[in-house]
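Once you have looked at the hints, place chain V on chain E.
As you go down the protein sequences, you meet chains E and V in turn.
For the first sequence, our numbering begins at 1 and goes up steadily by one.
For the second sequence, our numbering begins at 164 and goes up steadily by one.
Mixed in with the good hints, there may be bad ones.
What the hints assert, rightly or not - Pair by pair, the computed Cβ-Cβ distance ranges are: (1) 499/V to 125/E: 58 to 64 Å; (2) 670/V to 29/E: 56 to 62 Å; (3) 475/V to 156/E: 45 to 51 Å.
Don't read these hints as lab results, they were simulated from the structure.
Everything numeric in this text was worked out from a predicted model, so none of it was measured.
Ideal Cβ placement from N, Cα and C applies to all residues, glycine included.
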Amino acid sequence: MRHIISLLMENEAGALSRVSGLFSARGYNIESLTVAPTEDPTMSRMTIVTSGSDEVIEQINKQLNKLIEVVSVMDMNEGDHLERELMLVKVRAVGEAREEMKRMADIFRGRIIDVTENSYTIELTGTGSKLDSFLQAIDSGLIMETVRTGACGIGRGDRILKL
Amino acid sequence: MELTGAEIAIRCLQEEGVEYVFGYPGGAVLFIYDALFNQDKVKHILVRHEQAAVHAADGYARSTEKVGVALVTSGPGATNAVTGIATAYMDSIPLVIISGQVPTSYIGEDAFQEVDTVGITRPCVKHNFLVKDIKELATTLKKAFHLAKSGRPGPVLVDIPKDVSTQKVEFSYPAAVDIRSYHPALHGDIDQLKLAAQLLLQARRPMIYSGGGVVLSGASKQLTDLAHLLNFPVTNTLMGLGGYPASDKQFLGMLGMHGTYEANLAMQNCDVLLAVGARFDDRVIGNVEHFCQVPRKIIHIDIDPSSIAKRVKVDVPIVGDVAHVLGDLLAILHGTKQQSEAAALAAWWQQIDAWRGRNSLAYRNSDEVIKPQFVVETLHRITGGDAFVTSDVGQHQMWAAQYYKFNQPRRWINSGGLGTMGFGLPAAMGVQLAHPDATVACITGEGSIQMNIQELSTCKQFRLPIKIVALNNRYLGMVRQWQEFFHGNRYSESYMDALPDFVKLAEAYGHIGMRIEKPSDVEPALKEAFARKHDLVFLDFKTDQTENVYPMVPGGKGLSEVILAEDL
Numbered sequence: 001m002r003h004i005i006s007l008l009m010e011n012e013a014g015a016l017s018r019v020s021g022l023f024s025a026r027g028y029n030i031e032s033l034t035v036a037p038t039e040d041p042t043m044s045r046m047t048i049v050t051s052g053s054d055e056v057i058e059q060i061n062k063q064l065n066k067l068i069e070v071v072s073v074m075d076m077n078e079g080d081h082l083e084r085e086l087m088l089v090k091v092r093a094v095g096e097a098r099e100e101m102k103r104m105a106d107i108f109r110g111r112i113i114d115v116t117e118n119s120y121t122i123e124l125t126g127t128g129s130k131l132d133s134f135l136q137a138i139d140s141g142l143i144m145e146t147v148r149t150g151a152c153g154i155g156r157g158d159r160i161l162k163l
Numbered sequence: 164m165e166l167t168g169a170e171i172a173i174r175c176l177q178e179e180g181v182e183y184v185f186g187y188p189g190g191a192v193l194f195i196y197d198a199l200f201n202q203d204k205v206k207h208i209l210v211r212h213e214q215a216a217v218h219a220a221d222g223y224a225r226s227t228e229k230v231g232v233a234l235v236t237s238g239p240g241a242t243n244a245v246t247g248i249a250t251a252y253m254d255s256i257p258l259v260i261i262s263g264q265v266p267t268s269y270i271g272e273d274a275f276q277e278v279d280t281v282g283i284t285r286p287c288v289k290h291n292f293l294v295k296d297i298k299e300l301a302t303t304l305k306k307a308f309h310l311a312k313s314g315r316p317g318p319v320l321v322d323i324p325k326d327v328s329t330q331k332v333e334f335s336y337p338a339a340v341d342i343r344s345y346h347p348a349l350h351g352d353i354d355q356l357k358l359a360a361q362l363l364l365q366a367r368r369p370m371i372y373s374g375g376g377v378v379l380s381g382a383s384k385q386l387t388d389l390a391h392l393l394n395f396p397v398t399n400t401l402m403g404l405g406g407y408p409a410s411d412k413q414f415l416g417m418l419g420m421h422g423t424y425e426a427n428l429a430m431q432n433c434d435v436l437l438a439v440g441a442r443f444d445d446r447v448i449g450n451v452e453h454f455c456q457v458p459r460k461i462i463h464i465d466i467d468p469s470s471i472a473k474r475v476k477v478d479v480p481i482v483g484d485v486a487h488v489l490g491d492l493l494a495i496l497h498g499t500k501q502q503s504e505a506a507a508l509a510a511w512w513q514q515i516d517a518w519r520g521r522n523s524l525a526y527r528n529s530d531e532v533i534k535p536q537f538v539v540e541t542l543h544r545i546t547g548g549d550a551f552v553t554s555d556v557g558q559h560q561m562w563a564a565q566y567y568k569f570n571q572p573r574r575w576i577n578s579g580g581l582g583t584m585g586f587g588l589p590a591a592m593g594v595q596l597a598h599p600d601a602t603v604a605c606i607t608g609e610g611s612i613q614m615n616i617q618e619l620s621t622c623k624q625f626r627l628p629i630k631i632v633a634l635n636n637r638y639l640g641m642v643r644q645w646q647e648f649f650h651g652n653r654y655s656e657s658y659m660d661a662l663p664d665f666v667k668l669a670e671a672y673g674h675i676g677m678r679i680e681k682p683s684d685v686e687p688a689l690k691e692a693f694a695r696k697h698d699l700v701f702l703d704f705k706t707d708q709t710e711n712v713y714p715m716v717p718g719g720k721g722l723s724e725v726i727l728a729e730d731l
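This is chain E alone, in the form it adopts within the complex (with noise of 0.2 Å):
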């Protein structure tokens, strides 16, 4: 089963390599993985998109918090959360598909952030499957390019992940 999983990090050289190096010494799968630092600048926060049996999960979550760099984790499934993705889209727009693939972008709730005579840049924010049905509903052969962020994750109401 998809999980998504959020860490709180110490912000040092190297942390990231930690936690990449688990998932591939221990073969676990990564479907996305972001981080960034947080409003304290001495910690990250990161979401992985991973997948695997319940065991599987319940090792990696385990073995992330045995990282000693690591504060604090977080299973987003084992509660409600929240998920959004960024993608950017270039697309090819031109004659009638130009003003069909405004309307697509209206209906997903994009926005066109680069117009050229040729073409279009969307962006969207959504779950990843919002993004992907987005992707689907437009033309493939009209896709010049699109790049993703990856999910982060966050608690419904009071499910806080702080130190």
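Below, chain V alone, put in the same frame as chain E:
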């Protein structure tokens, strides 16, 4: 007072009460060696290869309760140390390894003797540090010692660039450090402990399975008290030997791939299993599916939560230091009125005694050829079972584990997890330095001993009277055994032609060598060697070439699918 980084490094070792540093100098650590030269509190042991430095520090740590320390230079110094570090990591041995690094301004430029030491060692250390700021050096070393010995112990590496070792800063050594992300649990959860106590008292076919965690945590007394209080059978893993006295009647011997019949069958057939400081590894329980076919309740005590429920589902997980947890469990059991299932226990012991009756460690001795088991048994007898025994890896290691009956913890020193050939001799050096008056034997084979034979020179320099007991069967014995069993007797590259004359070799290094070819000479030779209190003696026993280690649970099989010597 302002000190250089090099002086600070040595001062930190002094503050930690480090007696010995095992190391090898080189360009990047010249200033640290200079600081070492100018003091006499910390003694340096010059090895002949960095791998041996780490193994020696490891042997020192295993035979004491202290942190072992090694010092190596950058580049090849560090890469040579990696096998030693990985060995210690797999067996959770507390070490601090200081490595030199090229100056900070050269890092990343492929400088002479530059290697990404922190990157290379990352998967085989508990933690590591690259110290780029002299102001961080003392605190980092304090953290390194704290991390190495607390929680689940392990090796910690501190990489010090050469320029950091020359810069100066005011020195103060912190009395303690707090790492906000690191607070290992000592005591187990009280509700879980109560649940465990209840399960133990209800058990009809109980079993205690204990590992290296008991030795590391110093919990032998608690374990023995618990087993005696409940009248439960006990088995030890390879790493746990000595954690429970082998001469105790409740001891079933070692379990696992080469464990006794009674230990493996009791393990397989018990209804309540108390696992203490052990991790259900593949050489211990064999095939997981086979092991899990039998319904049983498992209580698992371990300081490392990730060891629990890693391979086997557990009913009562208890995270904490084994000595603390067992102490608390004993208190609960002493305070309860509930009785254990005496009648069921008596029947269980009857069953166990029937398994014991198979006498699975029996072997056919010979008047013609020296049986390796006989050498270890004789060694046990003439050392009063009281020696420190290190070993290398292979058949001789298993025979040592099976036939040298350890009654005390920290006496059996071997590379269990990583299985590192070449471990035995350098580890014995660390043990002998830690216990200068003790009897130290290194049980080895002609294959393993050659992996760090150069340390005979170190032994000479520091007058270490180790007794090397080489079971020389002219084969890489364990490889040959597997080839015989599973590869149709095709002995691919497991025979060593052109072995050195070990007697002459020992003599060349300034030691005494003895060659023993007849069974009747085994005892006199061992007696003579061990009477030489101040000499290293290399005993080269020409043993039976075809002897195999039994019992054997073949890889991937279950614990009850055991091959016994009598079956053949």
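Each hint tested on the structure:
One distance hint, 58 to 64 Å for the beta-carbon pair residue 499/V and residue 125/E, holds here, with the actual separation near 59 Å. In this structure the hint that residue 670/V and residue 29/E lie 56 to 62 Å apart at CB holds, the actual value being about 58 Å. With their beta carbons about 35 Å apart, residue 475/V and residue 156/E fall outside the hinted range of 45 to 51 Å.
Hint violations for this structure: number 3 only, all remaining hints satisfied.
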